[in-house]
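Engineer: So you can see what is in the structure, the chains are spelled out below.
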Amino acid sequence: MGPLDDQVVRADALTATPDGLDIAVHSHWYRALPLPSLARVDLTVDGQRVDPATLAVTVNGHRYAFAELAERGDEYWFTTDPVVLHTPVATGTGREHRVQLLLGLSIPYILTGPDRVPLVAPSSTDKTLTATGARP
Amino acid sequence: MTTTGPGLPRLGTTLFSLTLEQRRPGRDLRSLVAEVAARDLGPGLEMVAFQSLRGWPRLDDAAVAEVRDVVEGSGLVPSCLAINNDLGQYPGRLLSDDESHDYVAVQLRGAAALGFPVTRVGVETSPAILERLLPLAESLGIAVGVEIHAPLTIDAPPVAALKELFTRLDTPLLGFIPDMSSSMRAVPAAVHDAHRAAGIDPQVTAVAEQLWAEPGATAEKFPELERRAAAAGATPAQVGNLKMLFTMHGRMAPERWAEFFPHVVHVHGKFYGVEQGPDGLTDPSIDWPAVARVLVEQGYTGFISSEYEAHAYSDRHSAFDQLRAQHDMLAGLFAAQTPVAAR
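Top to bottom, those sequences are chains A and B. With the first letter of the first sequence counted as 1, position 94 gets the number 94 in full-length UniProt numbering; the numbers rise by one all the way through. With the first letter of the second sequence counted as 1, position 120 gets the number 120 in full-length UniProt numbering; the numbers rise by one all the way through.
There could be a bad hint or two in this list.
[To be verified] In silico SDA-like pairs for lysine to any residue, Cα to Cα no more than 20 Å straight-line: (1) B:K221 with A:G113; (2) B:K163 with A:T128; (3) B:K221 with A:T54; (4) A:K127 with A:V8; (5) B:K243 with A:K127; (6) B:K243 with A:L119; (7) B:K221 with A:G104; (8) B:K163 with B:R196; (9) A:K127 with B:G199; (10) B:K243 with B:A231; (11) A:K127 with B:R196; (12) B:K163 with A:K127; (13) B:K221 with A:T112; (14) B:K221 with B:G199; (15) B:K243 with A:V120.
[Said to hold, decoys possible] Which chain B residues face chain A? A few, computed with CB under 10 Å, are given here: (16) D28; (17) R30; (18) A34; (19) P91; (20) L165; (21) Q298; (22) G299.
[Unchecked claim] Which chain A residues stay away from chain B? Per the calculated CB distances, all over 12 Å, these: (23) G2; (24) D19; (25) R31; (26) A32; (27) Y64; (28) R95.
Treat the hints as calculated values from the structure; they're not laboratory data. Glycine included, C-beta positions come from ideal geometry on N, C-alpha and C.
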């Protein structure tokens with residue numbers, strides 16, 4: 001619900017690769033977060049939901065299966081860095097895609113309720129963008 | 001120079017104010033710190049370690065040297081390093097007490113290596129952990145302050161437990177960090193921008209604001225908020241946004257900050273907008289004349305970090321301009337007071 005929400009998926013976020021559509025995602029939180037904080041990635045591309053089990057994520061130069069992030073609590077996603085979601089969505093350079101993303105970041109120092117559960121801070125994106133070609 | 005006289009609080013800035021600025025192309029820590037100095041927004045410099053320092057909480061020697069060089073080269077004075085106790089770092093469980101202690105201890109050592117005299121933790125760091133950290137803080141000569149941020153007030157049970165601890169240990173290395181979010185007199189205008197952008201009907205915002213301004217504890221207002229907001233047509237997601245208004249903005253009387261003294265190690269000059277009024281610069285949502293009176297009457301000579309947070313809601317105003325306005329306003333308010341030592 002603030003200016004950083006509009007930067008989660010930026011105008012140049014989409015890259016067409018031979019393996020599918022890559023989506024660069026920036027954090028809407030003000031500080032670096034442990035990788036398990038990337039708790040919820042509800043992604044729909046062109047109306048088709050993308051199963052998180054099919055996602056790979058590149059962060060800090062390492063590529064992880066989405067589920068592996070939960071085991072990387074000692075590694076941090078820095079404030080100004082994008083993570084890249086690798087999706088199996090077929091694409092090509094110049095193709096337009098509608099990207100709907102509900103990103104839920106688990107905030108490890110804000111505990112809520114009687115069970116002291118980390119707050120999940122949501123950010124919602126709905127943009128239609130054009131994929132550029134992968135850089136050689 | 002916007003400096004304050006002897007016996008008065010000293011001004012400063014936290015880089016958290018520049019959260020949006022940090023994301024602009026070409027920005028880095030060095031350029032942000034240099035601009036704070038060039039715009040005379042010191043002398044105190046605070047930052048959030050996890051926001052500003054790549055590699056935190058484990059900086060290598062080269063990174064420590066680089067950060068020290070940035071700060072020393074700016075001429076600013078390190079005032080406070082905000083650190084975090086990430087109890088929910090791993091999914092499905094919270095850190096044990098030992099893990100929590102060690103997680104903060106690593107950051108205390110890091111803050112000391114960078115030359116900060118004070119660290120800030122949140123209220124999730126329990127009194128028992130704070131007491132365990134005291135010997136390390138003593139050996140490093142660094143203070144640990146617990147931030148009192150909305151929705152906390154002097155009446156919150158965790159605050160009473162902290163006050164008991166600080167009174168019993170009576171050390172200058174453990175204390176409170178008042179944050180003015182806890183003592184606001186109005187909901188900031190920036191909230192209206194954010195609600196409009198989120199498609200929340202201004203009438204729904206008005207219903208929530210009215211309830212916010214009524215007497216009573218924040219947590220006890222949530223059921224009533226849900227009822228009134230739903231009746232006004234708010235969706236469940238919008239009710240979530242409205243609840244933020246209650247957790248981010250507290251209604252404690254600013255005079256009650258006096259009750260946190262003498263155990264105050266740093267102050268957060270949280271604000272959401274300073275504007276030109278008929279009698280000069282004023283803050284519609286925070287009663288700074290009352291805050292300034294408390295700080296001066298208590299003989300507080302530490303730093304007050306200007307912490308502009310309207311960026312969470314709106315990018316309508318320049319954070320640098322807002323920091324300038326708050327510094328000018330505070331300098332005027334402090335100058336109008338007589339330091340306790342001089343009375």
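Engineer: Could you run down the list of hints and mark each one as holding or not?
Structural biologist: For each hint, the structure was consulted:
1. B:K221 with A:G113: holds (15 Å)
2. B:K163 with A:T128: At roughly 53 Å apart (the allowed maximum being 20 Å), T128 of chain A and K163 of chain B break the hint.
3. B:K221 with A:T54: violated (43 Å)
4. A:K127 with A:V8: Cα-Cα ~11 Å, so holds.
5. B:K243 with A:K127: With Cα atoms ~27 Å apart, K243 of chain B and K127 of chain A exceed 20 Å; violated.
6. B:K243 with A:L119: The given pair, whose Cα atoms are some 13 Å apart, holds under the 20 Å limit.
7. B:K221 with A:G104: With a Cα-Cα distance of about 26 Å, the restraint between K221 of chain B and G104 of chain A is violated, given a limit of 20 Å.
8. B:K163 with B:R196: Distance of about 40 Å is beyond 20 Å: violated.
9. A:K127 with B:G199: holds (17 Å)
10. B:K243 with B:A231: holds (15 Å)
11. A:K127 with B:R196: holds (19 Å)
12. B:K163 with A:K127: violated (49 Å)
13. B:K221 with A:T112: holds (16 Å)
14. B:K221 with B:G199: Measuring from Cα to Cα gives roughly 23 Å; hence the hint is violated.
15. B:K243 with A:V120: holds (14 Å)
16. D28: holds (9 Å)
17. R30: Where the cut-off is 10 Å and the nearest Cβ of chain A is about 14 Å from R30 of chain B, the hint is violated.
18. A34: violated (17 Å)
19. P91: This interface hint holds because 5 Å falls under the 10 Å limit.
20. L165: Violated, because the Cβ-Cβ distance from L165 of chain B to chain A comes to roughly 20 Å (cut-off 10 Å).
21. Q298: violated (29 Å)
22. G299: violated (32 Å)
23. G2: violated (5 Å)
24. D19: holds (28 Å)
25. R31: Not fine: 4 Å to the nearest Cβ puts R31 of chain A too close to chain B.
26. A32: violated (5 Å)
27. Y64: holds (14 Å)
28. R95: The claim holds: R95 of chain A sits with its nearest Cβ about 26 Å from chain B, beyond 12 Å.
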